[in-house]
Each structure stands twice: as structure tokens, then as C-alpha cells.
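Start from the sequences and build out the full structure, keeping to the hints where you can.
If you count by this note's numbering, then the sequence shown holds residues 283 to 496, one letter each, in order.
A portion of the hints provided could be inaccurate.
As the list claims (entries may be wrong) - Taking lysine-lysine and the PhoX-like style, the derived pairs with C-alpha atoms no more than 20 Å apart in a straight line are:
no., residue 1, residue 2
1, K476, K487
2, K328, K306
3, K416, K306
4, K306, K339
5, K306, K487
6, K287, K413
7, K339, K328
Honestly, the hints are just simulated from the structure, not real lab data.
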Amino acid sequence: MFASKVGKFVPFDTCALYLLDHTKRSATASHVEGQNADLLRLRQIKVGQGATGFALKSREIVQNVEPDLDFQYSQTELTQMYLTMASVPLIADEELIGAVTIYSQELESYGEENIRLLETISRIAADAIGKSLKHDEATTHAMTDPMTGLPNARSLQRQFEKEVARASRGGSSFQVLMLDLDGFKAVNDTHGHKAGDEMLREISKVIREQLQRI
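The structure is reproduced here in C-alpha cells:
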């Protein structure tokens, strides 16, 4: 939907919306439309890598540079397929959230009016995307423990009610597994709460890994 709005004002053959993961210092092409969309979708690019990566790092518009800069580390089959490109960083409330990059197989360069329109559309999109991401983050935090990332008591209650309802409808049963950490208080008392918190995080990783194998 976003790409279709861009296309009404700025010509492109491929439009990619990259969303930034601050922890990994990389951005993922979450939404791609146009030529080679399947090849670019979910592609990751590191901050500072390629033209789009430079736009993310500098927080400045990159325009009319060699498109192959974006494909030299991956998707090498796309090299020499585009003539020009432009990448606009997405910033909402002074926070970098990603970039919009367009590639053209026909235009040799984007004019000032093209870039101005792309920048305007991207600014509006950044505000909308930023609000959506904050809403998703708030929802996630409401259902998970911020330290371990595991579902919290509220999430457990909601999931428990769903399982009870499903079991009642199907006349089936389900099991609830409870875990207790023996000697955890001694860890806090001996090594401090910081060490105890780190221990909980490591244990949560083990639990998630084991559940993924089931």
C-alpha cells in the first residue's frame, strides 16, 4: 500500500521498505513491491553497508548512486539490473526506524522534484510506522516479562483461558508444567541481584530453546 502511494508521485521499478533492528544494527526489507520483489523481500542490510546502509548510518538521503552498492554483499544476481536508486531514512520523533529505497531500471537519475516528493511521503510514512511500532512494542511489553522476554502472568492467564475453552469444546485435556528454581535466593544473596538477573535471562534462553524443539 505504501509503495503504491509512492508510485503515484515518484517512478520506480522496485520499492523496498527497510525496518531497522537496533539490537542487530541491521535493517530488513519488510515490504517490497515491483520487479524482483521476491528476491529482495526479507533481505537484511547492515547499517553502513551499501547505499541504503549509508542512508541509515548518516540519516541523510542517498540519491543517484550505483544501485549495485546495495547488492554487492548479497543478491548478486541483481547487479547491473538497475540504473539508479534513491534511499530516504525514516525518522520518527528523532528516532531512526528504517529507510525507503527505490530502484529504477529506466531512469538514469532522479530529479530534485522526485526526491522532494519521496522525502515528503517518507516523512508522513515514518510518523505512521513509528506509531504502529510503538503500539506493537507496548502490546508486547504488556504480555511479556521485560527482563527475560518470557510470557508474563497476564499472558499465562489469557493462554490458560484459551486452552480451557478449547479443551472443553473438544472434550480433551491438557497439561500445565510448573518450574521452580532451587537455590535461586542464594545466588542473589551471594552474588547480588545483577548476577541473579543474568541467571534468569540465561535460563529463559534455555527454556525457549527447549520449547522450540517440541
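> Is K339 within 20 Å of K328, Cα to Cα?
Replying inline: Answer holds: K339 to K328 is near 9 Å, not above 20 Å.
> Going straight from one Cα to the other, do K416 and K306 come out at no more than 20 Å?
Replying inline: Holds, because 18 Å separates the two Cα atoms, which is no more than 20 Å.
> If you draw a straight line from the CA of K476 to the CA of K487, is it 20 Å or shorter?
Replying inline: holds (17 Å)
> Quick one, are K306 and K487 close enough, alpha carbons at most 20 Å?
Replying inline: Judged against 20 Å, a Cα distance of about 18 Å means the pair holds.
> Has the given pair, K287 with K413, been kept, meaning a C-alpha gap of at most 20 Å?
Replying inline: holds (19 Å)
> Holds or violated: are the alpha carbons of K306 and K339 at most 20 Å from each other?
Replying inline: holds (13 Å)
> Holds or violated: are the alpha carbons of K328 and K306 at most 20 Å from each other?
Replying inline: Given that 20 Å is the threshold and the Cα spacing comes to 8 Å, the pair holds.
When the structure is compared with the earlier hints, no violation turns up for any of them.
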